[in-house]
Amino acid sequence: MPMKQKNSTKILVTAALLVVSLICIFPIFFCIFTSFKESTEIIKEITFFPKKWSSVNYDYVFARGAKYLKYYLNTIIITLSSVLITMILSALSGYAFARLPFKGSSTLLGTVLFILAFPLAAILIPIYMMEYDLKLLNTYIGIILPNLLCILPFSIFIMRGAFIDMPKELEDSAEIDGCTVPQTWWYIMLPLARNALVIVLVSGFYNVWGEYTIAKTLATKDAIMPISVALTLLKSEDWNYGVLAAAITLSIIPPIVVFSIFQDKLVEGMSAGAVKG
Amino acid sequence: MKKITAVFLIACLVLATVFAGGSSEAASSGKRKLTIAAESWEINKIFLEQAIESFKTAHPDVDVELVTLADQTVLGNYILDWSKGNTEVDLVFLDGGVYSSEYAAKGLIYDFEKDLNFFKDFPKTNFQPGTLDTGLIKGTQFCLPAIYEVYAISINKKMFKEAGLVDAKGEPLPIKTWDDFYDFAEKLTKKDAMGTVTQVGGSVQFGNNLNGILGCACIAEFGNPYEADGVTFKVNNPQMKRMIELWQKGIQNGYLSQATFVDNAGGRNGFKAGQIAMCYEAAGRWMEALQTVGAENLALMAVPGKDGGTYCFGCQMVIPKASKSADLACQFIKEGVYGEYSQTHAFTEYGKMAVISKYFKKALDETPLWKSIETSMNKARILYTYEESQKFLTGLDTIFQKGLVDPKTSADLIVNQILDLTASVRK
Amino acid sequence: MQETISSRRKARERWGRLFLLPTCVILFVFVIYPIGYTLVLSLCDYNFAFDYHMKFAGFGNFVKMFRDPVYLTSLANTMFFTLVMFIFLVVFSLSLALLLFYKKKHSWFFRTAIFVPIVVPASLICILFSFMLADNFGIINKFLMSIGLSSWTHNWLTDATSAKWWVMIVSVWGKMGFCTILFLSGLQNIPSDLFEAAEIDGAVGWKKLIYVIIPNLAETFVVVGIWAILQCLKLFVTPNVLTKGGPANATKVLYQYIYDTAFQNFDMGYASAQAIILTVLVMIFSFLNMKIGKKEGE
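In the order they appear, the protein sequences are chains V, A and L. This note's numbering applies: residue 1 is where the first sequence begins, and numbers increase by one. This note's numbering applies: residue 1001 is where the second sequence begins, and numbers increase by one. This note's numbering applies: residue 2001 is where the third sequence begins, and numbers increase by one.
Hints are supplied without guarantee of correctness; some may be wrong.
Once the Cα atoms are required to be at most 27 Å apart in a straight line, the calculated DSSO-like pairs of lysine-lysine come out as [what the hints assert, rightly or not]: (1) A:Lys-1306 with V:Lys-135; (2) L:Lys-2104 with L:Lys-2244; (3) A:Lys-1084 with V:Lys-221; (4) A:Lys-1324 with V:Lys-135; (5) A:Lys-1176 with A:Lys-1161; (6) A:Lys-1334 with A:Lys-1321; (7) V:Lys-168 with V:Lys-265; (8) A:Lys-1169 with A:Lys-1402; (9) A:Lys-1402 with L:Lys-2244; (10) V:Lys-221 with A:Lys-1138; (11) A:Lys-1249 with A:Lys-1176; (12) A:Lys-1361 with A:Lys-1379; (13) L:Lys-2244 with L:Lys-2142; (14) A:Lys-1056 with V:Lys-67; (15) A:Lys-1191 with L:Lys-2142; (16) A:Lys-1334 with V:Lys-221; (17) L:Lys-2207 with L:Lys-2103; (18) V:Lys-10 with L:Lys-2105; (19) A:Lys-1321 with V:Lys-221; (20) A:Lys-1249 with A:Lys-1158; (21) L:Lys-2142 with V:Lys-10; (22) V:Lys-221 with A:Lys-1056; (23) A:Lys-1161 with L:Lys-2164; (24) A:Lys-1138 with A:Lys-1324; (25) L:Lys-2103 with V:Lys-10.
Calculated from the structure, these hints are not laboratory results.
Sequences are here, hints too, so could you generate the full structure?
Right under this line is the structure:
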């Protein structure tokens, strides 16, 4: 009897999970299927699966390649640069917070925590005005630097958590061998914090890839616009949902791929970092 | 470790691209340079890229750059730039004259007539009558229209036939009054057994430019849309109140689509998809439906009203006084924007009407549908631009989107709200 | 010996400062300085596009705010969204985490499916939702019609009430995964002997949840809580792309209004004052959450 009960619970749980999972991925698959439909089919016969698979939308995207490719390129440049700068900075400051304490470093850590909770709206206005004066509006650097604010604090906490857990003996022995602090950091500690770095990379990647508010405010010309903003403008201009779906499909694939590869590590690390933070 | 080093190298590469990208633009070849800024739809629909190509071929000594603007946000930057005497653009396309009034008030843009002598070798008679008025700001030619548009009702003839709303020749019955519009919408609306709307009678653009929608209705009824003060819409009268009441009834009974409330493109997309029978917004909408609805099923009708006119507006061009290439910009306007290719193709492919008379007439003769609202077009008028027009627009949106769906709000109340709003914005 | 240790410590401190220098510079330029600037701006009348200089206005902007009906509407909307979304986020993600925790084996597909919305750019998915929810050719209305429920069809985004709900649904859809991850790891960190002990005491099902799981998740609750509140108060992308704050301001949130005031009307002073209030709200809520979490943990 108890055995049977357990089985039925199991089925119930699986069924519930299945329903939720399907709801979660429905829009994504809808997008992918829509991108293979012809435009008359999309608005006249509303179906989930395409009746006739057609690549016409992708042809269009690639034919007007220059425009869409430019958006992709912008996204890629902005994302990679932000993530890489973040990796370097968070590895440095995470190590400093964990292992090189000085007077006032805990106050600084508190400040970083504070920024984590700070609404971007409050600082975007001065940033906009400052960038106007410095002629940084509509430049990559002008978008990359504010993007750091969104991902840097979290990354610092992840890195700090990783360094704090490492045995102190490692450092001591390195120093006895005559390593300077930067050498210890680069050759001994950083390789050990590889997992944390991966988390910083992946979480930074998808956060910046889909970032909307900053780019919407600071990029007003489409030569510099990332895809997350550009496509929302095309929504009212191009009104061709097939093409839009194709472009969306192409741009949600990279973060999904990156995420699936690192899923386990990421889930583990994000939670660890968040709890410690 | 290797991985990290590799990542680091990529970092350097990417950063190098970023910085290099910034500096390569500065490279110049001693040619004169003309920079043009426009929104993406303007580039496509006025065929600016083609115009630039032929301009470059005709003037090999000039380098032309095209900057795509995302939306009007950037225009604020221009005001700052220009008031400091700098500019990165020489010719700007504006989505309506709304923003230019600020530029003009501060003396940041050229008066085409007096400052640039534009009409000396390009007489005003070249223009379709009335179109130049769309570029006037308080009587001065601060803007030139690149193309212009009027409002009308696009019609799905097939649906009219199904609903029996056609004359002996199979042509749709005329919409003479807003009561007709409402009756037709009711007859054109189809519901299934459960009472769910499967085909909507009509759509009015309630999301994007209610200033135009309301103003156009006033023009169609009275000719002059404004009261004696010249800035307040003639809405406080039985005719307009009746119209608002009918819109309300239409929305509440499901005869009029609500889609435009949150999505500007909701009405035209529904029309294009063959689910909406009448679409009251810019007249060019029927052209978008050619592929899906079919040319034989489309018709165009003037906005109902005693006077029979319509509202016209243009996509405007301005030249900042800070520009060093104003002469080139003028030349580009004359040869490129006002050239045959841009003017006719914008008209025949996208319904953006030619401002140059000869191209207008030619394209009009080729398209019978346009011909059908010619009388209305000839009575087209412009609307006054408030200084705080953005505030006025969002205010109107709110009034209508709230009032139309609420059965307790009377047309009187809506009219009073409009009058209050008008009184509260800077003119 | 003593001296070398102290000089070593000094050296490490020096390196610590040096390591933190770039981060600090960025934080100063892009956070501390802007915050100060926002504070100053909030006390001034300054239209970025049309005024050459700021004019000191005292608390005028703050007074104006509470007489501005649009501001009050967006404040009310933000509060409503925060409250409802917070509850939904916590309840849904906790239940999902429990389900995933229960089903340890063969859960790769479920985990991926539930976590994937986190990484999908929110603005793009909103475009998609606006298409799916369209009055006339949206797949959701079409689906309802095709299964004979045509009386359930609705103008999802153009009706004020349902637009509000859809904004929340789409936001929860995108944010649920992250909370689930946090809860799941919280669950995995509960020592297994606690479960065993509870089972010996005869605790099953709901009892186990109440007596073992909830108390041990207090810390996770705080983290999820703060994160969720922040996300709800900072809600911007979903209403901006899905409904543009419409119909008739029904889904206008504080963030959107700040954005409109600042970057459409260029009224920087007024926008800054609004931003300050939003920041204060965020601080109050996070603080409350921390307090409540601490109490529960004790």
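- Message: Check the hint pairing V:Lys-10 with L:Lys-2105 against an upper bound of 27 Å on the C-alpha distance.
- Response: It holds: about 11 Å lies between the C-alpha atoms, which stays within 27 Å.
- Pairwise hint evaluation, V:Lys-221 against A:Lys-1084, where the allowed Cα distance is 27 Å at most: Cα-Cα ~21 Å, so holds.
- 27 Å Cα cutoff - pair A:Lys-1306, V:Lys-135: violated (54 Å)
- Would you check the hint for A:Lys-1176 and A:Lys-1161, treating anything up to 27 Å between C-alpha atoms as holding? holds (18 Å)
- Given the hint that A:Lys-1361 pairs with A:Lys-1379, test it: the Cα-Cα distance must not exceed 27 Å. Cα-Cα ~16 Å, so holds.
- Is V:Lys-168 close enough to V:Lys-265, meaning Cα to Cα at most 27 Å? holds (24 Å)
- Query: Hey, L:Lys-2104 versus L:Lys-2244, does the alpha-carbon distance stay inside 27 Å?
  - Reply: violated (42 Å)
- 27 Å Cα cutoff - pair A:Lys-1161, L:Lys-2164: violated (39 Å)
- Message: Between the alpha carbons of V:Lys-221 and A:Lys-1056, is the straight-line distance 27 Å or under?
- Response: Holds: V:Lys-221 and A:Lys-1056 sit about 23 Å apart, inside 27 Å.
- Between A:Lys-1321 and V:Lys-221, is the straight-line Cα distance small enough, at 27 Å or below? It holds: about 22 Å lies between the C-alpha atoms, which stays within 27 Å.
- Task: Take a quick look at whether L:Lys-2244 and L:Lys-2142 sit within 27 Å of each other, Cα to Cα.
- Result: Holds. L:Lys-2244 to L:Lys-2142 sits at ~24 Å (cutoff 27 Å).
- Message: Hint check: V:Lys-221 vs A:Lys-1138, CA-CA at most 27 Å. Holds or violated?
- Response: Violated, at about 30 Å.
Of the numbered hints given earlier, the model fails hints 1, 2, 8, 10, 21 and 23; all others are met.
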